[in-house]
Amino acid sequence: MGPVELLHMSVFSQSFSPCGRFLAAGNNYGEIALFSLSAALSPDASEASQKPILNFTAHDGPVFSLLSTDTHLLSAGNGEISAWSWAELIKKSTKAAWTRKPSYETSLEIPEINAMIINPKDNSLIVGGGDNNIHIMDMETGIFKSVLKGHTDYIHCLCFKEREEEILSGGEDGAVRIWDSRTNRPVHCIEVFKYEECARPQFGKWISCLATDSDWMLCGGGPSLSLWHLRSMSPTSVFPLPGCQREAVFHQDLIMSVGEGPYVSHCLHGGTVKAQIPCTPSSLNTLALNLKNTEHRVMTVGGSSHQIDVFTNFSYRAFSLSF
Amino acid sequence: MTAEGSKINIYQANNMNKNCYLDNLRGIDVRVYNEEVELEVRDPQQDYMLYKDTCAALAKLMEEIQELKAGGAKSVEIEERRTQCSVHFITLKKLNRLAHMRLKKGRDQTHEAKQRVDVLHLQLQNLLYEVMHLQKEIGKCLEFRSQHEEIELVSEEEFFQEAPAEISRPHVTRDDQHQLTLARLDWELEQRKRLAEQYKMSLARKEKIQKAIEQKREYLSSLQPGLQNIMQASLPVQEYLAIPFEHMQKQAEVARHLPPPLYVLLVQAGAYGQACDKNLSVSISGDVDEAKALSRPPEDSQGTSVSTEHSQTLIFFSSVQLDDKRKEMLRRHPLSLCVDLKCKDGSVLHLFFYYLMNLNILTVKTKVSTTTDLSGAVSAGELLNSESLLNCLYASDHGKETPNPANRYQFDKVGITTFGDYVSDLGHPFVWVQKLGGLQFSSGGAQVALSASHMERTMKLLRGRLQARLALHKQFSSLEHSIIPVSSECQHLFPAKVVSGLVRWTTMSCQEFTELGFVQHVLKAGLVHETDLFFMATVERGTARLRAAVVMNPRYPDVAPLFSLSLHWKGERSGRTDDNLQAMESEVNVFRSELQGPRPGLQLLTNQIQRLCVCLDVYLETESQVCDGSEGPKEFPREKMCLRTARGPSRLKPFKYNHPQGFFSHR
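So the protein sequences, as listed, match chains L and G.
Residues in the first sequence are numbered consecutively from 1, following the UniProt record's numbering.
Residues in the second sequence are numbered consecutively from 1, following the UniProt record's numbering.
Think of the hints as simulated: they come from the structure by calculation, not from any bench.
Heads up, a few of these hints could be off.
Just so you have them, the derived chain L footprint on chain G, three or more residues with Cβ under 8 Å [what the hints assert, rightly or not]:
no. : segment
1   : 525 to 532
2   : 578 to 589
3   : 639 to 647
In silico SDA-like pairs for lysine to any residue, Cα to Cα no more than 25 Å straight-line [stated by the list, open to error]:
no. : chain 1 : residue 1 : chain 2 : residue 2
4   : G       : Lys-656   : L       : Ala-48
5   : G       : Lys-656   : L       : Ser-282
6   : G       : Lys-570   : L       : Pro-111
7   : L       : Lys-101   : G       : Lys-460
8   : G       : Lys-656   : L       : Asp-60
9   : G       : Lys-524   : L       : Ala-48
No experiment lies behind these values; they were computed from the predicted model shown.
By construction, the Cβ of each residue, glycine as well, lies at the ideal position given by its N, Cα and C atoms.
All chains should be modelled from the sequences, with the hints used to inform the complete structure.
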């Protein structure tokens with residue numbers, strides 16, 4: 001990677017290891033880099049400890065999604081999903097455990113995979129991407145058992161509600177669809193852009209981020225980031241954030257979201273924006289919280305820069321890891 | 001009694017002695033009264049007693065006389081006594097006389113004895129002197145170093161071995177040291193005579209040979225004009241056969257006076273030109289006589305130059321001296337090399353190499369001569385500027401500072417702070433120039449192997465540089481007329497119809513570039529250097545205006561130009577704020593290898609600009625997809641064929657053109 005390539009790098013996805021000591025990040029060149037958090041957070045950390053311990057090309061196209069199971073790291077490239085054993089990766093071996101492709105209808109252009117989630121109840125992997133469909137794969141057998149069709153444009157984000165075992169998906173067509181994972185049938189469809197409080201026609205209608213917390217749902221994108229109560233299917237608060245949000249999470253009492261604009265927004269459930277913490281990249285694509293490990297409890301954000309900002313205290317940026 | 005001496009006088013007694021003696025001499029026999037004889041007889045002690053008695057008698061008589069006179073006595077008794085007194089007086093006188101005569105005798109005897117002692121003493125002294133003298137002589141004799149001891153004689157064994165029997169005479173010399181020495185001296189003399197003979201003979205031979213040499217020399221020098229004539233006559237033959245023998249001889253002759261680094265460069269460049277590159281030629285220019293003057297002891301040449309410059313006013317004396325010292329330090333060798341690199345299209349790159357003697361570095365000046373007239377491109381002004389033409393031929397070789405670390409100390413002495421001030425006058429001291437001359441400053445001394453290993457690469461780079469610059473020159477004149485020259489080999493990279501067009505192409509200064517808002521990320525990444533060239537391209541379509549700031553490294557096309565974009569359409573966006581503009585920057589910066597075109601990749605810049613136009617077309621046409629609720633027709637109708645207009649979390653547009661199908665897809 002020369003300096004020109006680094007200048008034009010974007011980080012699209014992140015995932016922490018099951019032990020919580022490592023961070024994997026995927027970029028637009030199809031590379032996955034492994035960072036050692038314990039080294040970067042230790043008191044005698046140097047410039048070298050902010051560099052990846054392992055950097056390899058995983059896919060042809062950009063790595064838009066990374067997901068960690070208990071043993072493996074799943075990465076999504078151009079239409080394919082590869083699994084890497086965490087133990088092997090830590091030992092710096094870059095051989096994929098397996099690579100699988102969902103079946104696609106179109107053949108002219110390979111659709112990307114934008115989101116992956118795991119259904120812990122029946123150990124299945126749910127992926128959504130450029131072919132407007134949601135594919136569900138059984139993790140043990142590796143067979144793609146079902147396809148959920150309904151979206152009219154590509155899928156940006158996926159979410160899973162554990163209690164009701166429902167899958168939520170948001171897409172470029174502006175609709176948030178809720179599917180029952182047991183029957184694989186659509187349950188609801190919310191067209192967010194039709195609600196006046198949320199809609200921002202000057203941007204568009206696409207939904208690029210989704211998050212759920214029991215009965216609540218966060219969604220945003222072209223329309224403003226808004227908090228919905230799912231039982232009543234109505235927006236309760238709308239957050240006045242200027243850019244389009246790309247990822248949002250619930251954390252304790254706060255809502256943290258990232259998107260266009262070089263900052264992380266902290267918002268309260270009531271609809272107020274509590275703080276906007278500045279970051280290095282000029283716009284952010286991904287936000288990840290390392291809650292598995294109490295020693296390395298950090299938040300990391302990545303976007304259109306080769307640097308990933310690390311927040312040890314969520315109120316300010318501590319340092320940056322760089323590709 | 002004699003006839004002469006009638007009266008007997010006591011006082012004449014002495015004279016009588018003499019007279020008697022004289023008479024004795026005359027042979028007259030007389031009986032004389034000799035008191036001196038009497039003296040020997042008489043006893044001094046008795047005389048003394050007589051004296052005392054006489055004095056006493058005299059005194060007594062005087063008393064008597066006195067008594068008598070007092071008593072009024074008769075004169076006869078007085079007379080008697082008077083007479084007795086007179087007798088006594090006579091006795092006293094005699095005694096006195098005798099006393100005197102004894103004294104005199106005693107004195108005479110003493111005197112005689114003294115004389116005798118003196119004589120003996122004198123004799124003793126004489127003898128002593130003689131003894132001392134003899135002793136000295138003996139000493140001198142003993143110390144005598146005869147010259148013979150200074151002569152180195154052969155050792156005794158050798159002597160006995162070599163000398164013939166008449167000289168060595170062993171039967172005598174073995175016993176007698178003196179004879180041995182004599183014999184050895186004889187032998188020495190013999191030997192020396194013999195050797196002297198030999199020497200004379202050798203001298204004579206030498207003279208003869210010397211004469212012979214002289215003769216032969218004259219003969220040879222008489223040949224010289226004949227040879228010259230032959231050489232002159234052969235010149236037309238040489239030209240006809242195209243063997244520039246004469247010319248090479250002349251050059252070799254001049255080359256002898258070149259300083260070592262220039263000589264190495266000459267030889268290596270000449271060799272390379274002969275072996276690999278027919279379009280390279282080397283020649284020497286400059287003043288040969290001055291160079292010859294330099295190699296002689298520099299008393300006169302330096303003296304004259306200093307004296308002429310000292311005729312300045314006294315007020316500026318110290319600064320003039322410093323100036324002189326600086327000039328002296330920066331002095332160039334009078335000879336320089338000129339290397340001409342010809343290219344296929346007829347343009348020539350002239351390189352003039354100079355050697356700075358006191359600093360021990362080489363510098364280079366350039367000149368480009370082209371077959372066609374290169375005018376009309378305003379922005380291309382800097383491209384062929386001789387100051388910057390050879391910048392960064394090898395990465396980070398700016399040629400502004402001297403590569404010889406020792407020069408720092410020399411500069412401090414004469415107050416030169418940077419060599420960069422003198423570069424325009426003296427030429428650029430690039431590192432590759434030093435390497436071509438075999439000068440490497442970690443080890444020192446002119447090394448031929450270093451020059452040879454760099455020659456080929458440097459010549460290729462130089463040619464590449466000239467060709468790149470000339471190509472750019474032509475391209476710039478096109479760009480300034482708003483035409484993007486795309487060659488036929490590169491047509492496949494772009495769709496047939498490109499609506500966005502280049503409207504402006506200008507050059508910028510480094511200052512202007514750094515002040516732009518949308519290039520700060522490039523500056524922070526350290527990708528911009530002082531030696532780079534900066535340009536601004538403006539692409540327009542309808543109401544949209546795209547500005548591209550271009551940073552071009554002097555090593556184009558080995559290092560690709562870097563583009564930074566700013567779009568003015570419904571607001572101001574840049575690559576930092578808009579992910580799609582960043583994707584467009586990636587298209588030209590990151591995927592530059594697709595745009596290189598045929599070797600040597602001189603079309604890179606124009607292809608990059610054309611691609612920007614294509615990407616702007618896609619951007620504007622797909623942007624109208626957003627349902628912004630505005631009425632009326634879209635400003636930019638969709639003409640490009642795209643399968644999907646958005647993909648991925650950042651919803652990027654399809655900028656990749658696929659040939660020959662002609663549609664756009666995502667990377």
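Inset, instruction - Output the numbers, in ascending order, of every earlier hint that fails for this structure. - result: Failing hints, ascending: 4, 6, 7.
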